[in-house]
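J.: Protein chains in written order, with my numbering: chain R, 1 to 1208; chain H, 1 to 316.
Bear in mind the hints are in silico, worked out from the structure with no lab data behind them. Some clues are possibly wrong.
To be verified - Here's a subset of chain H near chain R, in silico, CB distances under 7 Å, partners left out: (1) K19; (2) I46; (3) E253; (4) F299.
Said to hold, decoys possible - For lysine-lysine, the following DSS-like pairs were computed, each having C-alpha atoms within a straight-line distance of at most 25 Å: (5) R:K355 - R:K256; (6) H:K50 - H:K19; (7) H:K290 - R:K943; (8) R:K7 - R:K490; (9) R:K643 - R:K630; (10) R:K514 - R:K490; (11) H:K56 - H:K19; (12) H:K280 - R:K943; (13) R:K943 - H:K56; (14) R:K1008 - R:K1035; (15) R:K1123 - R:K1069; (16) R:K643 - H:K166.
Claimed, not checked - So the derived label-pair ranges between C-beta atoms look like this: (17) R:S980 - H:T285: 33 to 41 Å; (18) R:S980 - H:P59: 48 to 56 Å; (19) R:S1005 - H:S277: 30 to 38 Å; (20) H:S202 - R:R724: 47 to 55 Å; (21) R:T645 - H:E63: 44 to 52 Å; (22) H:E240 - R:Q682: 41 to 49 Å; (23) H:E63 - R:R724: 19 to 27 Å; (24) R:T645 - H:E240: 53 to 61 Å.
Cβ atoms here follow ideal geometry from the backbone N, Cα and C, with glycine treated the same way.
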Amino acid sequence: MSVMLTKFESKSNRVKGLAFHPTQPLLAASLHNGSVQLWNYRMGVLVDRFEEHEGPVRGVAIHPSRALLVTGGDDYKIKVWDIRPQNRRCLFTLHGHLDYVRTVQFHHEMPWILSASDDQTIRIWNSTSRNCIAILTGHSHYVMSAQFHPKEDLVVSASQDQTVRVWDISGLRRSTPNTAPGTFDTFDNFSTVKYVLEGHDRGVNFASFHPTLPLIVSAADDRQIKIWRMSENRAWEVDACRGHFNNVSTALFHPKHELIVSCGEDKTVRVWDLTKRSAVQTFRREHDRFWVLAAHPELNLFAAGHDNGLIVFKLERERPAFTMHGDVLYYVRDKYVRSYDINTGSDIGLLSIRKFGSPYVPPRTLSYNPAERAVIVTITSDNGLYELTTLPKDVVGEVKDSSTDGKRGSGQAAIFVARNRFAVLNKTSQLIEVRDMANSVVKTIKPPVVTNEIFYGGTASLILSSTSSVVLYDIQQQKTLAEITTPPVKYVIWSADGSLVALLSKHTITIANKNFSQHTLIHETIRIKSGAWDDSGVFIYSTLNHIKYCLAQGDHGVICTLDNPVYLTRVKGKTVHCLDRSARPRTITIDPTEYRFKLALLRNNHEEMLYIIRTSNLLGQSIIAYLQQKGFPEIALHFVQDKTTRFDLAIECGNLDVALETARAIDRPECWERLAQQALKQGNHKIVEKAYQQTKNFDRLSFLYLATGSTEKLSKMAKIADARGDPMSRFHNALYSGDVLGRIAVLRDVGMHPLAYLTAKTNGLEDIALEILEAAGLTEDDVDDVPSFGTSTLRPPPIITPTADLNWPSISTGESFFERALANGNLEGGSEVPYMNGHDTGVAASSALDEWAKDEEIREDIAADEDGWDLDVGGEEAAAEPEKEELEVEADLGAGANPGISETELWTRNSPFAGDHVAAGSFDTAMQLLNRQFGVVNFANIKPLFVSTYRSSHAYLSPVASLPPLQLHLRRNPEESAPSRILPVTPRTLQSVRSELSEGFRAVSGNKLPEAQVIFRSVLQVLLLVPVSSDSEAKEWRDLVTLAREYLLGVSLELERRHVAQTDPENVKRSLELAAYFTQCQLQPPHLQIALRSAIGVFAKANNHATAAKFARRLLELNPDPKIVAQARQRIAAGDRNPRNAVDIDYDEFTEFDICAASYTPIYKGSPAVRCPYTDAAYLPEFKGKLDSLIQLTEIGASSSGLPAPRS
Amino acid sequence: MDSSELYHIKQQFTLGAYKSLVDLTLPDPNSPDYNPTLIYKARAYIALDKPSEALKLLPSESENLALKAVSALAKYVEAESAEQGGESILEELRDLCVEIEGDDVEADDREKGLVKVLAGTAFARAGEVEEALETLGAGTHTENLEAVSVIVQIYLSINRPDLATKEFNLAKRWAEDDILLQLIESSIALVTGKDAYSDPHSFYTEQLANPSLSSPHLLTARGVTRLLRGEVSAAKSDLEEATAQLGGAPDKETLAALTVANGLGATKLADAEQCWSQLKSQYPTFPLVKDIERKAAQFDDLASNFEVPPLAVASA
């Protein structure tokens, strides 16, 4: 133990008693001046003070489970206090002791209070009945302390009579004695002295039990600490620890380790080895005698009270040495190097380092080298040591001890800096040695600053921490790369991709980039313990009592609170992996919403923000305030429900539409007034008008109408004023609208005849002037003393620009991503979680970021795919519409409702098939799709098809009288109503196409070839718009296309042949060729028979018997009617007789060929051909780029993507 | 409380039995039912696109705001079909709306509500959605079910079934099981397709069985519902029956629905075309007709974006 680590110190009067709170970071201290203090030692604040005792308070204890405090003072009183802040008070006082009370204690389970007093008694009180239930007598001098046994019904007491006594109080538990006051005699039954331990030569100040072993430790004025052992029937002194050179005040067993801690008036706190009874550690103070010592029941914490206050300390560093590599944590627990896989949770001990350094000191740091699978451990004992050891490959049986092949040396810090190099800092000599794996020095560096600590600084670099700065130092060039002024840096944490580094000091975090060119400093009032990088580049850190986050630009905030400090090792999504103070791996689930949102905000990652808004309840004033403060009120607007807040935000960001809508909802005059002001600023006088109307602000309204030149409305206002009977308003309106008569009328009505008269007069209305005079009972003569005024020129200004009907154009605030997305109702690729986190493997910690990148790529891919379908073309256009007006989906009911997404738009979104787009009326995208998928360029022919398909997909119905009918949309899946799945009806289905096709077949059989040609062509056109829903349907679709194509080609060939025969009967060769090609079409057997028979006939006629016979043979293979069989046999016979061909034709039945559908010539296998992108019909290369002649829709040879895959 | 005659009239109006309403004989002019009946009759005429008949029916000079509003709507519809701007009439309706807000108006709540409904209807026809909604008091908890029905239909027409549903749910709290409320519910389901259109289907089937009235409109409506449900042949029989009830002359909606029904499946394409040409010639302003014309024009525009290469023909 190199130092005693002081955690907290306070200055006060002499501290005589101390007690830790079992769960909270609270410490009660009783002072010599009569005050009892309650400290929060973690925050360093005085929580409360209890000042009712007169004179010194020596005993203090906190109830193990309730918020109770008990104190005992020199005023003989024992007081029990409620320490809850809301009702802190003294609950009751126990009277009975006749002298100073030295110690008090609560029993761990019974409602008992134990007290020791200078009146030579120990008393047990029932805190429920508030009576003394037992008086233990026997000591012959002051009883200096009394303690319950932690489990058994025993009490140990120490007295100035030089004895330590153990009392058996089991009788007390068995039968609660008569507790009526005044019956003291019954107490004797329970005051059984079990053992009297004699051995100290002076008065004994303190005695306590071991938490688990049958041991007692006592501290006495003879400067000794004695250890006693108990058995069933006796107790004896085991040993004594000598070393204090003055009275020993208190001695305690360490709750966890085999140690004794003591303090005394020799101004020391000492630590002893329980087994060896040797001093381990001494902590000395200059001036303060120690009076009391307390141990925390759970934590590795002690408190000691002295003449001028108290200190809280711990005996050893609790920060476990650990290092992360990928998802594997290497750490040291109980002097074993262990590995913990945070994915699998496997936790294995790898290496024992028990023989390394002092047994009482835990190792300080651990550095791991994945290449060599080696670790360097450092320890502070012996002035700093390091040890380099390789980890065993597999752990079987007993773990390896580092002493077998460990290479040691002295140094205060040692870390790996490269695969086969590590650096060792020697603080006293201020040298950094770079050593190789054999532990021999390769290089020695004199650091440029006084270095206290070294850290890995990136490849071949070190971070040197000095008292006032950190230096990034290049080992190879031996020069300083950069320097940042900061308080002493204690820990350094690199982000997974090595681009950012967090430098932790006691109260500050510096986030820097990897070359220290940019950095941010964050201050914390509470001590910072540890930190880890989230995979998205947020630094998560822990302080004594919080887990917090900080963004690279410096924003930080609390994620959650902690009961006890933890050491963060890794953050993966919502899970924080950490080590607790006993070096056990733990996980804490946090809510990362807030910082992810802020991060997304900073990065302008709107999709992520939107995702967060949608998926989590990110609400509350803080985030709204944050958005406002960061200048994004319009975003805050999107997820604020509260009307008033919405209104405020809308006014702030000048979003008049929302402001108007919410003002309507709130409908309070002050809102309308604010809206009017804001709208006035923006020149949106229509909203101003509305607001004024709402607040019945007639004056302003009139003036507004004057300003906008709306004479019509002014006259309306005049009417209203009339109705309201408000002459002033009438006068105003008359004035504004230049209505002289109106003005006169008002003046007359209110009896202001002189003014009325003059008004009439100056406006040249002599008749009316006279009338007024008459009404007033006067004549012209009576008013001849009135000077004559010229004609009034008072007129309302002429209207130059009629602004009444137009609003000032205002600069569009640009498209808000949120408006668009919220309007869309669903996120693009909504199923995707945009926030990918923590999928990295152990190989490279940075792969998590790759995931990010990959994720983005995937998204791009999707976008690209959609391009392929060309959904965007229509989609964008259509989406743009609602965007502009759409404010948010959850608009309150009201007049401000904006159009939603039409069903047709959903259809286009939900389907990649042209037919569905046509049904949706999105001809534009449908054409694009057809063009991309099938190379269709000539749409004129399929216009009727488009129109009828669209027509058949919508019905109209008006449920309410006289309103325009509702357009209803026919779906092919009526049982589906989820917007993402609905699809339009299919007026033409595969089935209907099939029946149409069979009509074509009938036409072929009936030799109505022109008709058949029309039908097949139409079938191919219809098929273009038939969507498929499964792979089998897709296959059927393709088969139908091929079938129709073959028939169309065959029919066209035959028609061409007839045409040739008619127009050019001499051209027998061509006629024969065409007949032969017809037989090559893939027709169904009955139709093939027709083709063959026709060919046989033609060939026979042309005396090409050989070929005719061949056709006949093929005919036979089809098992035709017997009659036909007979004919065929004849032909074969004829061919056999006369195996010649009179006309030489271009027909080679032995080579496979396609028939060019334009020139009707064969394209033999191997010859170049271009194809129709839709039907796959073959064409000679010369036709590339031309319109296909079969169906006259597509561009021959155009590239195409084909039928899109059905969406299941 | 309405008299039973009036209740019946209202029900007929709600269910679109306009034909029987216009044949109605008016009660005694002194009866309290006189005005309401007159109004329903006039509104039925308007609903049948015979605004001039309605105007004939209505007194030209009346102080009654509701009557004024009805005649304004009639005039508006007339002006609309004559393709004259109805802006002045809308202005008139706006004034009426302002008037009913005054305190000293001689009109009961029903009449006030009616003025709003009629004005809202006219505004909606004029495409003034926002004004219509505002006039009707969307989202303001006015207990005016007829207004709600108009609001709902407006919401539906702008693809906001969500808002329509909200409005409907609000109304459900106070309107109990009014037939109009059921109609509203079924209209919403017609748009959203909730539960495979079971609401409108059962509603219209139920009302068809209602002995107290018969209305081809209900048959048409069920036909359309069946179309939406994909029951094409059943739909066709409904629509044909509706045509028969209409004396062989289908109204525009029935005709439009028949066009659609015949267009589904390739068998009756000729019928579809025939219905279509009938619809086109008889009701050139019907939304479907206009829409298709627009689409056809759009098609030509769009098709011209693609360059059509010369036809592949074998050069001799």
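J.: State for each hint whether it applies.
T.: Hint by hint, here is what the structure shows:
no. : hint                         : in the structure
1   : K19                          : violated, 13 Å
2   : I46                          : holds, 5 Å
3   : E253                         : holds, 6 Å
4   : F299                         : holds, 5 Å
5   : R:K355 - R:K256              : holds, 21 Å
6   : H:K50 - H:K19                : holds, 11 Å
7   : H:K290 - R:K943              : holds, 17 Å
8   : R:K7 - R:K490                : holds, 16 Å
9   : R:K643 - R:K630              : holds, 21 Å
10  : R:K514 - R:K490              : holds, 18 Å
11  : H:K56 - H:K19                : holds, 17 Å
12  : H:K280 - R:K943              : holds, 18 Å
13  : R:K943 - H:K56               : violated, 45 Å
14  : R:K1008 - R:K1035            : violated, 29 Å
15  : R:K1123 - R:K1069            : violated, 29 Å
16  : R:K643 - H:K166              : holds, 17 Å
17  : R:S980 - H:T285: 33 to 41 Å  : holds, 35 Å
18  : R:S980 - H:P59: 48 to 56 Å   : holds, 55 Å
19  : R:S1005 - H:S277: 30 to 38 Å : holds, 33 Å
20  : H:S202 - R:R724: 47 to 55 Å  : holds, 53 Å
21  : R:T645 - H:E63: 44 to 52 Å   : holds, 47 Å
22  : H:E240 - R:Q682: 41 to 49 Å  : violated, 58 Å
23  : H:E63 - R:R724: 19 to 27 Å   : holds, 21 Å
24  : R:T645 - H:E240: 53 to 61 Å  : holds, 58 Å
In summary, the numbered hints that this structure violates are 1, 13, 14, 15, 22.
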